Amino acid sequence: MKRFLGLFRYLKGKTYLVVLSLVFALFAVGAKLAIPYLTGVCIDSIRQGEMKIGPYLWAILATLIVGAFARYFFTYFVSISGETIVKKMREALYEKLMHAPVSYFDSRKEGDLLLLFTNDIDTVRTGLVSGSASFFEGAVQILATIGLMIYLNWVLALVVVFLTPLSIVVSRLISKANAKSFRAQAANMAALSGQSNETIANLQTVQSYGIETIRKQDFHAKAKAVQGAQFKAVFASAWINPSSRLVNNLIYGAVVMMGCYLLFEQPAFLGRAFTVGYLSSFLTYAYQYMAPFNEVADASGDILFALSSFARYEETMQGPLDNDDGLVLTGEQIDGFEAKDLHFGYTSEREVLSGISFSIGRGQTVALVGTTGCGKTTLINLLMRFYDPSSGTITVDGTSLQDIPKADLRRYYGMVLQQPILFHGTIAENIAFAKPDSSLQEIQEAAALARADRLIEKLPQGYDTPVSAAHLSSGEKQLICLARVLLSAPEVVLLDEATSNIDLRTEIALSGGFDTLLKGKTAIVVAHRLSTIVGSDLILVMDHGQIVEQGNFTDLMERGGFFAKLYASQFQ
Amino acid sequence: MNAFTPLKKYRAKVLIAPLFKLIECLCEIAVPFFVRAIIDSCFDAANPDPKDLGFALGMGGVVLLLAFVGFAFTMITQYLAARVAADYGYDLKATLHDHLLALSPKQIDAYGKEKALNLLGSDAFALGNGVQHFMRLLVRAPFLTIGCLAAAFFINVYAGIVIATALLICALALGIYMKKAPEKYQRLQEELDRLSTSGGDLIRGVRVIHGFNAEEREIAAFSKQSDHYRKVATAIWRFTSFVNPITFAFINLALIGVLFLGSYSFSSTGLSVGSMVALISLLTQALAALLQFSLLANNLTKAIASKHRIDAFLALPLLIQDGPIQEEAPMEVGQTLFAFHDAELSFGGDRPVLSHLNLEIKKGERIGIIGGTGAGKSTFLALLCRYLDVTHGEITFKGHPIQDGTLANLRSSIAMVGQQGGLFQGSIRDNLCLGLPFSETEINAALEGAQAASFVQAYVDGLDHPLTEMGNNLSGGQRQRLLIARNLLHHREISIYDDATSALDYATEAKVRQAIFARSGDTILFVSQRVTSVMGCDRIYVFDNGEIVGEGDHESLLKGCPVYAETYQAQVARR
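Line by line, the protein sequences are chains B and A.
All residue numbers for the first sequence refer to my numbering, where the first residue is 1 and numbers rise by one.
All residue numbers for the second sequence refer to my numbering, where the first residue is 573 and numbers rise by one.
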């Protein structure tokens, strides 16, 4: 309940919407129930030969107008409240994540976070907002109906109330049986989907080896299993509607019989006489009686489901914020980096960097070399301040990186990561990501420098092709990312295996563009390719979180140490 | 061929099922008449000879009995519907699967693999579900509505007219809703997809956003998107919220009409009290049926969307088809297998993907193909295997235009290892043999050649070691070696290796290559980005930007092809 009330925070100033919709719900239910009662009164009047039912008919007309308007505003306000909440929640989540530390993303599954944006927030809307509304409406209707029935005739009301559990028992039994069949169906469908996924991904292999028949047989066998399971599941759920209708019809029949008995006998303990009009009202109530029960049952399922979504959301919202308490602004340029005894681990158990020190001068090109897992990418993470060292410092011009506001530091940087990231939008927008106000000509020049121009020109809409429609390979994406950095022409360039999926010749062709870019700039490059390493001013050779050798290519080869061995194993 | 073609088999069941539903509806429509009989026979003051309690209880008993009868008959429909849903679902999937296997992999790439997978999964399911919903639920509503109307007219013509008018207006409102709603919801879904893409961009690209200080800009863009979503959603709710109040209002207007008629005609036309109670019952029933109908119709639109997708997929033409030439003469070493004459391939962009291809591949030749990313190497191979056909120029295979032969003949002469995939869930043996009977010795020889024997033997169950989906329980290098072993095992006229050794280290690759090239008389196409991998070939084609920029052996290319020489310089010379 406490959690539920947490929702109101996202209504900000629109709480009146909720109050209004509840009021309208009361009116809507009231009208719905008043009309059968008024109808009963009319029928009794007519039966007694009283033809002047005009006032009653006007009353019904007024009720139905009020009811119709109340129902419209009830539904509409509930929906609007839902949208208001959803919008606030989504934007709050987006902003929250934007200000979360990078480590937060690294420690979570991408899919889970993404589900928050879509499924979880949408579930909150359908469950907590619409669900609660129909729960409220249904509950009010049930209580009011019972109240009215007791008022009309408590004996008959008791008959109806006592028969209700019957339907609950029946639906329980059915849904229990259903759950099992649905699980079986889901498992079989998953197996079939895995099989077809393979066929689709390996279609070339299937066709070139002519194994269509084998795949077909396998598919048919799995589809047969689905067929069997699906029949069971569908048939199991097909009991629900007829059974609840059966129960409803039985209640209806019982009301008819009991009503007749009361009409004939008029038992004295009832006090008031039972009339045909009452019977008519009762019959309508009995007919409408089951619907709100189903509504409430559905809604409570939705609400429970949504509460867990909301809990996940709230947990994320309570997640950590990125610390950015730097105050010292940098000057016009950065004169180089100085690292002293850096220690760092993503978890406290395992240190990834243990005592790294180096000094990078302005305008130097530095290559980070080492086997997988030696800490190269981690070092880039620290330089970018995606993470901060657990001890030791990196300084620029004598100021620790941690004392500089992140945004101020990062305006000098341009980076390309191993995993090329393109955002939705066009190719041109992606190249201009760092400088959104670039002209098309600037974008094209950058693309040409990155050797991405030819591949872009082949796309159906050239630079205006949406990324989603471009079907780029990872090498091609890397070229776009390189163009992005070339366009922004930063002071410090960080490349983490930025060309790992680009073939060598293209990489060579690219180097011209990079020479232009890197002139006078500081570059720190994680590379596995010889060509990148050979030309750098300084090679930092890393192993197990430490710098084991440093120097230029000739020095290191002459030394015949770790680097020379690494070189031999990778390139010969 | 469309999505409903496989349904024809079940026509009888689809048509019979609603009849049983009809019986249930008749049972329900009959109930108000019994109530009317009770009220008019027992409680009509004007009736000179009222019936007793026994009669009333008897009638009530009939009402109870009808409930059971209706239930029994409707369950027959439910059974038939479930049967058809499952059986038709199976046939539909089989049809889709057949079509999938007949399409070119490139067509599937263009269509979208995810989308194709969804066709066999959620779309086929939605359509099967739609059919059974139609059989068991959707017919009920019209039956009940029409039945109630007929009953109302039978009781009293004027009352019938009143009720018919109200129902007609309700049906009209629902009809407008059902027509407009799907496209509106579709738009909302698109907005939601956009939001989710933005969320995904943030989650995946958080480093880039921070790296380029783009936080505030992205937040502003997201707020704008989110606000747009809200606007679209609000417009929908404003529209959909009308449905309930309208039906509520008109049904109750009809009720007022009935009561008015009752009061007016009590003496003249004889609309009895029992009739009025019965009419009110019928009205409530008809409304419930109509509402149910609109709810279900909403679900059906999902099935219809799936049907459209399936129809579109089944309508994809089989672009690559067999030609008339069934028999092909066996080829001698030195005869031309493939010849390209100014072949060109274009996907419709500004530049063709491949152009001016002129080359010959002779039986027994070892051809090297080298080129950068996007140079067109893999697309060239797709032309050889006829996953694509040229848009200009010509390719001949064994002397005839490649399109004139059968796909089976062409493809059974080629064994190819591609860049991705190629392995299936199943044992290593099954993955190697692919249904053909190879001996243990042959398999082991192939594994030896591909340098895969050691890791396969390291499994306790050896060749019977199970692979998971796509062979995901192997490393990249292990997968490549198994695929190469498969190629060696099947030993076809032409073997193609498309960057098939990229995950192997230099030493292993050299050994593997040795095994591949060891068989004399084989035609081999070896595609790579490494000069060292192709330098031993009889002839090397250098691809660059969709064209062949160099052709010859290693030595002549070093002299005559700058692209080749540069690549060589960068990869090898500095050693």
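Among the hints, a few may not be true.
Below, computed lysine-lysine pairings styled on DSSO-like, alpha-carbon distance capped at 30 Å [to be verified]:
| hint | chain 1 | residue 1 | chain 2 | residue 2 |
| --- | --- | --- | --- | --- |
| 1 | A | K685 | B | K224 |
| 2 | B | K96 | A | K803 |
| 3 | B | K435 | A | K756 |
| 4 | A | K756 | B | K88 |
| 5 | A | K1131 | B | K224 |
| 6 | A | K756 | B | K87 |
| 7 | B | K477 | A | K678 |
| 8 | B | K88 | A | K585 |
| 9 | B | K232 | A | K752 |
| 10 | B | K109 | B | K87 |
| 11 | A | K685 | B | K222 |
| 12 | A | K803 | B | K87 |
| 13 | B | K14 | A | K796 |
| 14 | A | K581 | B | K216 |
Examples of chain A residues lying across from chain B (beta carbon under 10 Å, computed) [unchecked claim]:
| hint | residue |
| --- | --- |
| 15 | F605 |
| 16 | D681 |
| 17 | N701 |
| 18 | F706 |
| 19 | L710 |
| 20 | G783 |
| 21 | E788 |
| 22 | T806 |
| 23 | I823 |
| 24 | T873 |
| 25 | I876 |
| 26 | H880 |
| 27 | D976 |
| 28 | L979 |
Per the computed footprint, the stretches of chain B lying under chain A, defined by three or more beta-carbons under 8 Å from a beta-carbon of chain A, are [claimed, not checked]:
| hint | region |
| --- | --- |
| 29 | 65-72 |
| 30 | 163-176 |
| 31 | 215-221 |
| 32 | 446-459 |
In short, the hints are calculated from the structure, not lab data.
Predicted, not measured: the structure shown is a model, and the values here were computed from it.
Positions of the beta carbon are idealized from the N, C-alpha and C atoms, including for glycine.
Outcome of the hint check:
Restraint check for K685(A) and K224(B): satisfied, since their Cα atoms lie roughly 23 Å apart, inside the 30 Å limit. Straight-line distance between C-alpha atoms of K96(B) and K803(A) comes to about 23 Å, which keeps the hinted pair within the 30 Å bound. With a C-alpha separation of about 36 Å, the suggested pairing of K435(B) with K756(A) is violated against the 30 Å cut-off. The straight-line distance between the Cα atoms of K756(A) and K88(B) is roughly 22 Å, inside the 30 Å bound, and the hint therefore holds.
A distance of roughly 62 Å separates the Cα atoms of K1131(A) and K224(B); the hinted pair therefore is violated under the 30 Å criterion. At most 30 Å may separate the alpha-carbon atoms for a hinted pair to count; K756(A) and K87(B) meet this at roughly 19 Å. The suggested pairing of K477(B) with K678(A) holds, with an alpha-carbon distance near 20 Å, which does not exceed 30 Å. Under the criterion of a C-alpha separation no larger than 30 Å, the hint pairing K88(B) with K585(A) is inconsistent with the structure, at around 51 Å.
A C-alpha spacing of about 35 Å is found between K232(B) and K752(A), which places the hinted pair above 30 Å, so the restraint is violated. Taking the CA atoms of K109(B) and K87(B), the gap is near 24 Å; set against the 30 Å cutoff, the hint holds. Among the hinted pairs, K685(A) with K222(B) is consistent with the structure: their alpha-carbon atoms are about 20 Å apart, no more than 30 Å. For the suggested pair K803(A) and K87(B), the alpha carbons sit about 10 Å apart, so the restraint of at most 30 Å is met.
Using a Cα cut-off of 30 Å, the hinted pair K14(B) and K796(A) holds, with the two alpha carbons roughly 20 Å apart. A hinted pair counts as satisfied when its Cα atoms are at most 30 Å apart, and K581(A) with K216(B) qualifies at roughly 21 Å. For F605(A), the suggested interface contact is broken, since its CB lies about 12 Å from the closest CB of chain B, more than 10 Å. Because the smallest distance between the Cβ of D681(A) and any Cβ of chain B comes to about 8 Å, under 10 Å, the interface hint for this residue holds.
Evaluation of the N701(A) hint against chain B yields a held restraint, the C-beta minimum of about 8 Å falling below 10 Å. Taken as an interface hint, F706(A) does not check out: its beta carbon lies about 13 Å from the nearest beta carbon of chain B, beyond 10 Å. For L710(A), the suggested interface contact is broken, since its CB lies about 12 Å from the closest CB of chain B, more than 10 Å. Using the Cβ-Cβ criterion of 10 Å, the hint placing G783(A) at the interface with chain B is satisfied: the shortest such distance is roughly 5 Å.
A hinted interface residue such as E788(A) counts as satisfied when its beta carbon comes closer than 10 Å to some beta carbon of chain B; here the least separation is about 9 Å, so the hint holds. About 6 Å separates the beta-carbon of T806(A) from the nearest beta-carbon of chain B, less than 10 Å, and the hint is met. Interface hint at I823(A): satisfied, since its Cβ lies 9 Å from the closest Cβ of chain B, which is below the 10 Å cut-off. With 10 Å as the threshold, the beta carbon of T873(A) stays out of range of chain B, its nearest partner Cβ sitting at about 18 Å, so the hint is violated.
This hint is violated: I876(A) has a C-beta 19 Å from the nearest C-beta of chain B, more than the 10 Å allowed. At about 20 Å, the closest approach between the beta carbon of H880(A) and any beta carbon in chain B exceeds 10 Å, and the interface hint on this residue is violated. Annotation: D976(A) was flagged as interfacial toward chain B, and the flag is violated, the nearest CB pair being 19 Å apart, outside 10 Å. For L979(A), the interface hint holds, the least distance from its beta-carbon to any beta-carbon of chain B being 8 Å, beneath 10 Å.
For the region 65-72 of chain B, the stated coverage by chain A is satisfied: 6 residues place a CB nearer than 8 Å to a CB of that chain, which reaches the threshold of 3. Figure legend: the region 163-176 of chain B, annotated as covered by chain A; annotation inconsistent (0 residues with Cβ-Cβ distances under 8 Å, at least 3 required). Using a Cβ-Cβ cut-off of 8 Å, 4 residues of the region 215-221 of chain B lie near chain A, which meets the minimum of three, so the contact claim holds. Beta-carbon proximity to chain A at under 8 Å applies to 5 residues in the region 446-459 of chain B; the threshold of 3 is reached and the given coverage holds.
In summary, the structure is inconsistent with hints 3, 5, 8, 9, 15, 18, 19, 24, 25, 26, 27 and 30 from the numbered list given earlier, while agreeing with the others.
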